[in-house]
Amino acid sequence: MNQQYPSVLLEKAVSEFSRLPGIGRKTAMRLVLHLLRQEPSAVDSFGNSIIQLRHEVKYCRVCHNISDTEVCQLCANPRRDASTVCVVENIRDVMAIEATGQYRGLYHVLGGVISPMDGTGPGDLQIDSLVERVKEGGVQEVIFALSPTMEGDTTNFYISRKLADTTVKLSVIARGISIGDELEYTDEVTLGRSIINRIAFNGNV
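Numbers in the working numbering are just positions in the sequence shown, counted from 1, shifted up by 65.
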């Protein structure tokens, strides 16, 4: 046991919390000590929610969004416009766009972007399932809503080539978002306007 910790259990808990992104050991210690001050039932509820999340969460078989059921609430909603599919990198982007209240179509979550530097290729993403979804019919427009980075633009270009033999309309969100910005950190007004004022995708990286 590290001499600075009076308890092996405390040290273990701090080590686990510090493995979370953005959490250093000092912050981890504050979180652990906070939990120790709570009622055991509250801590049990906290721990069980994490365990249940990891073991029971599903991914929508249509759009790959996180879901409690085989088909997520968005894809199952008959009031959503199924002819329009917005392509995003991750669940956080879905939540960001939904918060604008400006989009009523469906989504397709890629699970990342093409990034050779990070070892992420097209086969690591949900691109083939998007192509199959379009070719099944019913989708009239695919909106590229990836972050305006080199990796995002490369992914847009790759998908556009995969869909080149279809009649689907390809568009990209307007660049009210600064180059290099992450979509999830964009304010709701700017993001909402970028969706509404989307432009035709010209196939350039």
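Hints in this document: simulated from the structure, not taken from any laboratory. Just so it is clear, CB atoms sit at the ideal spot from N, CA and C, and this is done for glycine as well. A hint or two may mislead.
Derived Cβ-Cβ restraints for the label pairs, each shown as a range [stated by the list, open to error]:
hint	residue 1	residue 2	range
1	L100	V233	43 to 51 Å
2	I116	S83	39 to 47 Å
3	K227	I264	14 to 22 Å
4	R157	K77	28 to 36 Å
5	A107	S83	17 to 25 Å
6	P86	G112	35 to 43 Å
7	D146	P105	18 to 26 Å
8	L74	Q205	55 to 63 Å
Numbers of unmet hints, in rising order: Hint check: 2, 6, 7 fail, others pass.
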